[in-house]
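A.B. asks: Here's the letter readout for the chains.
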Amino acid sequence: MSYQQARWVEPLIFELSKPGRVGWTLPEKPRERINVPKELLREKLELPELSEPEVVRHYTRLSQMNYGVDSGFYPLGSCTMKYNPKVCEELAALEAANYIHPHQAEETVQGALELMYMLERCLTEIAGVARVSLQTSAGAHGEFVAMLITRAYHKSKRDDKRNQVIVPDSAHGTNPASAAMAGYDVVTVPSNARGRVDLDALKATVSERTAALMLTNPNTLGLFEDQIIEIAKVVHDAGGLLFYDGANLNGILGRTRPGDMGFDIVHFNLHKTFATPHGGGGPGAGPIGVQKELEKFLPVPLVEYDKKKGRYYFDYDRPHSIGKIKGFYGNFGVLVKAYVYLLLMGGEGLSEVTEAAVLNANYIMRKLLGVDGYELKFNPSDPCKHEVVFSAEPLKRMTGIGAHFVAKRLLDFGMHAPTYYFPPIVPEALMIEPTESESKEELDRFVEALRTIAEEAKSDPDKVCSAPTATAIGRLDEVKASRQPILSWRAYRKSAKG
Amino acid sequence: MGYPYIPNTREIREQMLREIGAANINELFADIPSQIRLKRKLKLPPAMSELEVKRHVQAILAKNTPFTQMLSFLGGGVWPHHVPAHIRSLVQRSEFLTSYTPYQPETSQGMLQALFEYQSMIAELVGLDVANSSMYDWATSLGEAALMCARVTRRQKFIVPKLIAKDRLSVLRNYASGPGLEVVEVGYNHRTGQLDLKQLRAELGGDVAGVYIENPSYLGFLETQGDEIAAAAHKTGALFVVGVNPISLGLFKGPGEYGADIVVGEGQPLGNPVSFGGPSLGIFACRDESKLLRQLPGRLIGATTTLDGKARGYCMVLQTREQHIRRERATSSICTNEALCAVSAAIYLASLGPRGLHDLAELCASNASYAMKKLNMIKGLRAPIFDAPHFNEFTLTCDDTHVSIQKLNAGLLKRGIQGGKSLRAEFPELGETALLCTTELHSREDIDRLASALNELLGGKG
Numbered sequence: 001m002s003y004q005q006a007r008w009v010e011p012l013i014f015e016l017s018k019p020g021r022v023g024w025t026l027p028e029k030p031r032e033r034i035n036v037p038k039e040l041l042r043e044k045l046e047l048p049e050l051s052e053p054e055v056v057r058h059y060t061r062l063s064q065m066n067y068g069v070d071s072g073f074y075p076l077g078s079c080t081m082k083y084n085p086k087v088c089e090e091l092a093a094l095e096a097a098n099y100i101h102p103h104q105a106e107e108t109v110q111g112a113l114e115l116m117y118m119l120e121r122c123l124t125e126i127a128g129v130a131r132v133s134l135q136t137s138a139g140a141h142g143e144f145v146a147m148l149i150t151r152a153y154h155k156s157k158r159d160d161k162r163n164q165v166i167v168p169d170s171a172h173g174t175n176p177a178s179a180a181m182a183g184y185d186v187v188t189v190p191s192n193a194r195g196r197v198d199l200d201a202l203k204a205t206v207s208e209r210t211a212a213l214m215l216t217n218p219n220t221l222g223l224f225e226d227q228i229i230e231i232a233k234v235v236h237d238a239g240g241l242l243f244y245d246g247a248n249l250n251g252i253l254g255r256t257r258p259g260d261m262g263f264d265i266v267h268f269n270l271h272k273t274f275a276t277p278h279g280g281g282g283p284g285a286g287p288i289g290v291q292k293e294l295e296k297f298l299p300v301p302l303v304e305y306d307k308k309k310g311r312y313y314f315d316y317d318r319p320h321s322i323g324k325i326k327g328f329y330g331n332f333g334v335l336v337k338a339y340v341y342l343l344l345m346g347g348e349g350l351s352e353v354t355e356a357a358v359l360n361a362n363y364i365m366r367k368l369l370g371v372d373g374y375e376l377k378f379n380p381s382d383p384c385k386h387e388v389v390f391s392a393e394p395l396k397r398m399t400g401i402g403a404h405f406v407a408k409r410l411l412d413f414g415m416h417a418p419t420y421y422f423p424p425i426v427p428e429a430l431m432i433e434p435t436e437s438e439s440k441e442e443l444d445r446f447v448e449a450l451r452t453i454a455e456e457a458k459s460d461p462d463k464v465c466s467a468p469t470a471t472a473i474g475r476l477d478e479v480k481a482s483r484q485p486i487l488s489w490r491a492y493r494k495s496a497k498g
Numbered sequence: 499m500g501y502p503y504i505p506n507t508r509e510i511r512e513q514m515l516r517e518i519g520a521a522n523i524n525e526l527f528a529d530i531p532s533q534i535r536l537k538r539k540l541k542l543p544p545a546m547s548e549l550e551v552k553r554h555v556q557a558i559l560a561k562n563t564p565f566t567q568m569l570s571f572l573g574g575g576v577w578p579h580h581v582p583a584h585i586r587s588l589v590q591r592s593e594f595l596t597s598y599t600p601y602q603p604e605t606s607q608g609m610l611q612a613l614f615e616y617q618s619m620i621a622e623l624v625g626l627d628v629a630n631s632s633m634y635d636w637a638t639s640l641g642e643a644a645l646m647c648a649r650v651t652r653r654q655k656f657i658v659p660k661l662i663a664k665d666r667l668s669v670l671r672n673y674a675s676g677p678g679l680e681v682v683e684v685g686y687n688h689r690t691g692q693l694d695l696k697q698l699r700a701e702l703g704g705d706v707a708g709v710y711i712e713n714p715s716y717l718g719f720l721e722t723q724g725d726e727i728a729a730a731a732h733k734t735g736a737l738f739v740v741g742v743n744p745i746s747l748g749l750f751k752g753p754g755e756y757g758a759d760i761v762v763g764e765g766q767p768l769g770n771p772v773s774f775g776g777p778s779l780g781i782f783a784c785r786d787e788s789k790l791l792r793q794l795p796g797r798l799i800g801a802t803t804t805l806d807g808k809a810r811g812y813c814m815v816l817q818t819r820e821q822h823i824r825r826e827r828a829t830s831s832i833c834t835n836e837a838l839c840a841v842s843a844a845i846y847l848a849s850l851g852p853r854g855l856h857d858l859a860e861l862c863a864s865n866a867s868y869a870m871k872k873l874n875m876i877k878g879l880r881a882p883i884f885d886a887p888h889f890n891e892f893t894l895t896c897d898d899t900h901v902s903i904q905k906l907n908a909g910l911l912k913r914g915i916q917g918g919k920s921l922r923a924e925f926p927e928l929g930e931t932a933l934l935c936t937t938e939l940h941s942r943e944d945i946d947r948l949a950s951a952l953n954e955l956l957g958g959k960g
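In order, the protein sequence lines correspond to chains A and F. Per the numbering used here, residue 1 is the first one in the first sequence, and the count goes up by one each step. Per the numbering used here, residue 499 is the first one in the second sequence, and the count goes up by one each step.
Excised from the complex, chain F in its bound form (with noise of 0.2 Å):
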């Protein structure tokens, strides 16, 4: 049998051979040393056709239940939301979906100019000048903004907020290991969430390279004091980075209003699927400052002339800082990036514009805010935990009752409705408290629902 993917069958490769006069094709392996050939066949599954995978890899994933097919309120570093069928259809045009890397400008223009208005919006949106064209995803994000600022201050210490998903800490200590950072952890105040603002002034000072928060946090409130915070980092030479979640944006300032130098985040809920966390999109953008610019990782698209001055265009910029040029002096080792993620994203806030991302963002905090209140009402639940202003995430406790938030998460899920997550590992001082997000894709039907099911749960009447 052939393979539809190899153009040249047995007979062609026949002659192929003949003309270059090998006598086999085992000849072209000759080598490769005897003692390490593979002798036998490679132990994998039988080829099958296109129909029978086609049926035994829906019969696989049809294991799964995707968040269409039941209630989820799960959010916590991906967000669920509606995305657009023309966003699709367009980045699986295979003009896109299956070139490489820009590295000839002339044959790819589309991608390089598409990659330019991505860095352009998120540039808009986060209140900065430059944009990189994409990272892995938020954690990475985190991890090379924590490598820039060492890079950039020449300074060993990185704070972060002790309210910081813990996957996301490991990735950043494992990105800080390299040249050895020290990740320091401030709390925050019990009562509001807000960062201790006395510790993180105590822990500021020559040695520090950079200080980051989320905003909105990790457990959905609003850090309302960035620019104090902005303030106390710049004061001892530090530099301040922002983490966001792009929606938010929206309704709120762009940390470069506020004094961020670097903004990192998670592209992903921009046009792009959940798909179980990845592909994920890494936001990466900072001030326009040769010295920053000059440490920056990642791929920058720039926009340029033709030689002739003619005609505008785009290429890849500053190259040298990156590893193909700069080898082991590269800002990072990143090559393969989040392009076509970064191209979703494009097309995403193109399609919304200004008013659609505003009234978005009001949606998913408006969903919130009702299921706050209606989750309030139910005996023994508290929601939030924090007195703070909250976007479209926020926690929920239940304390103050007899069950656990994983009896309560087993409950819902047998009535269909898949509860937040909890927060027992990660925060145990928080207690039996879970993180619940809510987007456009709730209706307040949907919210009613989770409230009566929790009701239930909790002995109280339907």
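Pulled out of the complex, with its shape left as it was, chain A reads as follows (with noise of 0.2 Å):
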């Protein structure tokens, strides 16, 4: 099969703009004068100027020089790039969902409140924990208000000397960063040559400044972290709070909870595990769960349903909570999907898209074991869960080709590229998610084309070093980009007359 993304010479709206042309129609002219000093009024305003089908057509070549998971196969690890129901996105975009506003009178957003209500009890029951408050956007958002309740916590033991915060080293560049934006100094605990957490490392770093773990479970690897309650142990013995990084929850669904592992605090990602698209980059929706003793930090407000008056409602009367973490309620549109796909799965479903994804990523790793050039790190007799990290170094020690340019060719043959050199614990990393979406002739053909690519490197290694070519643009010079940064129209057309 070749491929052949689309190739269009677009250029930016700004240089199709032609004065005069309109896009939009209002519907009546303003009839009362308004009463505003001249001085902050604005003379100019260089927007593009252009008809509707212009505008349509410019977006839609654009479109068609990108790649989602409707293109094909995305295994880009720890982002769980699962397929996304259209019904979802079609019960999400009505006018009830859509055109409600956060500051309405209670008794009109019943519905709304109500879906809220069941998503969180849905997402309480799969994560075992006490309560969810769903006002966070994204993964790394979640992070943050755990560490922000995490704080809350110590502060109410009066407990002040907590400043520290322990990440695997193993662990997403979104949980130290999360944890210094709460102000907590980052301890890096190593891996151990399983891949796993060193539990004794850990037990020497925990001490009466720890305020935290985070930890991802299964791990970046796509490993379970087998010794999870002789890590719960020791963080909790020591004083401090479990957190648990959501990102890889599609390798565990219905199989155990975080909350039984004995995690204190988790996220969600609705954007990865529940099926809501990326977008690109967002909107996402990144939930946390709390257990019982956390409970009364959660932001305001929480969803409450009054038996008496059959009503649900919005708590604020929460004295003990850290406040509001975002302008409104959460990603409510995101939410909406995100319960859409829990309801088509049901709990049985949601087992069964965990078996789905870890057997996929296991055929993925013996098949890939098979093929020269890439190899394990840890133990390969150990299974994977929802993902696999390869090493692409012999490859890169027979030919001088590693996973970078591994990933590149990877595009030509109509596929998106895994993520690569993460986790940084891994050499030339190739870190594969398949997903349940992907049928087994998919997971056939991706690792015949590693093998091909493999192949490649050895007898033909230009054509890998120059690919992507069947991609809408060649390889770009990221560095200049980033050494001359040009960010805007602006700043172009100045770069342009320099």
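Hints in this document: simulated from the structure, not taken from any laboratory. Treat the hints loosely; a few may be bogus.
Said to hold, decoys possible - When the alpha-carbon atoms are kept at most 25 Å apart in a straight line, the in silico DSS-like pairs for lysine-lysine are as follows:
| id | chain 1 | residue 1 | chain 2 | residue 2 |
| --- | --- | --- | --- | --- |
| 1 | A | Lys292 | F | Lys541 |
| 2 | F | Lys912 | A | Lys308 |
| 3 | F | Lys905 | A | Lys29 |
| 4 | F | Lys808 | A | Lys494 |
| 5 | A | Lys309 | F | Lys905 |
| 6 | A | Lys307 | F | Lys541 |
| 7 | F | Lys912 | A | Lys233 |
| 8 | A | Lys292 | F | Lys539 |
| 9 | F | Lys751 | A | Lys38 |
| 10 | A | Lys86 | A | Lys440 |
| 11 | A | Lys463 | F | Lys808 |
| 12 | F | Lys871 | A | Lys29 |
| 13 | A | Lys296 | F | Lys664 |
| 14 | A | Lys308 | F | Lys905 |
| 15 | A | Lys497 | F | Lys537 |
| 16 | F | Lys751 | A | Lys44 |
| 17 | F | Lys552 | A | Lys86 |
| 18 | A | Lys497 | A | Lys18 |
Hints are included, so try docking the two chains, each in its own frame, into the full complex.
C.D. replies: Put into structure tokens, the structure is as follows:
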């Protein structure tokens, strides 16, 4: 199967502008004079001027130069790029979901409140926690709020010495960044030879200064932290809290729950595990769940149900709450999609999701193990969970061609690249997450593509190094792009003149 | 029953298990210690067919009354506007919708160029050279702006006006709490609502990282002292941060023109539905100066060329500020942002153009002006409470009547009208006052209807 992405030479929209063209209409002309001092009024505004068909063609062409899950295989590790059911979009776009205002009288938004209430109930069950706040917009936002809650908790215990947050060396970059944003010092704990947290090192790291350990389980190597019970004990005995990074929840649905593992705070990525589309970077939603003892610190408001009145309401009367963390109640549109997905799958369906996703990852692991050029850095007889991390180090040794080039060449096969060079503890890492959405045939095709690339690296290295050629554009000068950043049309014109 | 989103059937999965030498699926989960295995099924509603789910969710949402089915005067941080049909049709194109962050520029040029255009149009609108490709919303943009000011100036105090939304202030305080920044509120002139410059100057000193104002303010009036506030802040080495409703910038000067170093705001009105307050779109822009750029949070798209220099292309730039490279030393932990809302905003701005945005802003303001005139004619009501130019939002007080805003709003709701947001809890000192908003969605007749309903409720003749 050969692949070629659309390749338009599409100018910037500013370059398509012609004075006087309009792409929209107004219902009426303003009739009142506006009483504003002249010095506040703007003189010029250089936005493009285009008609609607021109705007539509421009952005249609741009969309054709973009690759999504609907275009093909997207094994981007840690990102859980599963299929996004269309009915979720349809329901989230209903007027009754889109055209409601956050300040509306509660009796006029009972449906929204009910949906949020029900979604919260589902998430508490899935994660084994007491309560969930839906307010956080994304995974990193959830992590940040989790750290604020951690601080509020220790403060409530009058324990102000705890200024350290521990993260494994395999953690997502957002973990240490979120902890630092909340004012914590970050301490890194190494992984052991099995690709899991080094328990002895952890024991040596925890102290009366430990506020929390942030952990992903399955971890970023796709391996289950099988000493999680001991890890939880070490952290809890030291007086710290255990935070669960939910990026990899797709690997354990219905098999085990973060709450049962001993985690105190959990975040979810609805845009990963619960199939809401990622939109080229967002919007997502990153709800956080907590155990009973931390419930009172959650952001306000929470949705409650008044049985007597038969009504849902926002509860702001939560004196220990950390307050607000987003302007309103969360990315409601995303919440609707996730709830629809949960109803479509049900509890048993979610278990099947995990079984199919984990099987797909193990299938790739076994098939790729036999391919010269790629190796596993950890015990290959351990099953992986939702993703598997290979190293292209042998290929690099043989041919000089490493993970980066392999990933770029893969684009020519009509597939998205895996995450590469991450986690940092694996040299020449290729982090592959197939999700449950892929068929066996697609997985075979992927393994075959990686085999072909390894062979090309030996027989025709130039072909690999000059890849991709089937995409909208070839390799870009990213070094120049960051050295002399041009970040807007205004700046572009200045640089063209300069 | 099979699941439509899982292509591998039970039979195929059995075959795959055999191929990889596993006796059954449980073998793949043997690494989960038995003590923590879930030994029962998840207690969730049973799976439903697409048709059943559709009916079920429609029935839940039918309990909402969308503002398309009543007359609503709510704004206050998100604002209802008409979203032209082609915007949704374009952002729903699944190559945009179902893509991840554009880590592979060669196969993500479409999203990258669209985001570059978004950055460009926002930069133009706010009068600065650099905008990032989005934050979560206005409130979190403000929080990040305070942190950025502190990093750039290495100072620990951030000044805000007293008249900002309390929810936004709460978010700011949470962001500021990380490095322990002090958030100081500066009061206002009780006649005009304008920032108290005397108090501002008294607070300013060598410890202030940034000064923040909103224009238009939370209560709808314009802050006319932008130049002076900028000068006062800059004189002491503080950065000047301005929060905006971007629609207003069709009429008014971009804050960059009166000295803003950083502009934040809510991009929702640019082609995104109100959607109960989210997804939203955090605007974040700053001056093009390396001292600021190095500390900018969030993702940036830059223009470059192919390696051979022949073609123009776009990619993510200055990633060394970001969490996936810099980890605990990153400028922010943000990763997933609001990219698709930013694309909506780009398409919206490109469709309106300078003329459209001007006319739209003028219409919104003109409707507010008409509404204030009409409401002022009603005995006991006063709009606005501040003597200052306004954009499309304004305050309405019923202090001179014997009824409360809450009661008036309840009466309005019975007549199919959602009144303004009560400011009672946020600003008790403003008495029985509400914040109202008009946009192009409101016709003159709609405003007349509000006025006559209020008149009736206050005992006047309908």
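A.B. asks: Indicate, hint by hint, whether the structure satisfies it.
C.D. replies: The hints, checked one at a time:
1. A:Lys292 <-> F:Lys541: Status holds; Cα separation ~19 Å.
2. F:Lys912 <-> A:Lys308: Distance of about 23 Å is within 25 Å: holds.
3. F:Lys905 <-> A:Lys29: 34 Å, violated
4. F:Lys808 <-> A:Lys494: 20 Å, holds
5. A:Lys309 <-> F:Lys905: 20 Å, holds
6. A:Lys307 <-> F:Lys541: OK: A:Lys307 and F:Lys541 at ~22 Å, within 25 Å.
7. F:Lys912 <-> A:Lys233: Given that 25 Å is the threshold and the Cα spacing comes to 57 Å, the pair is violated.
8. A:Lys292 <-> F:Lys539: 22 Å, holds
9. F:Lys751 <-> A:Lys38: 10 Å, holds
10. A:Lys86 <-> A:Lys440: 23 Å, holds
11. A:Lys463 <-> F:Lys808: Satisfied, since the Cα-Cα distance of roughly 19 Å is no more than 25 Å.
12. F:Lys871 <-> A:Lys29: Distance of about 18 Å is within 25 Å: holds.
13. A:Lys296 <-> F:Lys664: 20 Å, holds
14. A:Lys308 <-> F:Lys905: 23 Å, holds
15. A:Lys497 <-> F:Lys537: 68 Å, violated
16. F:Lys751 <-> A:Lys44: Holds, at about 9 Å.
17. F:Lys552 <-> A:Lys86: Roughly 11 Å between the alpha carbons, so the hint for F:Lys552 and A:Lys86 holds.
18. A:Lys497 <-> A:Lys18: 21 Å, holds
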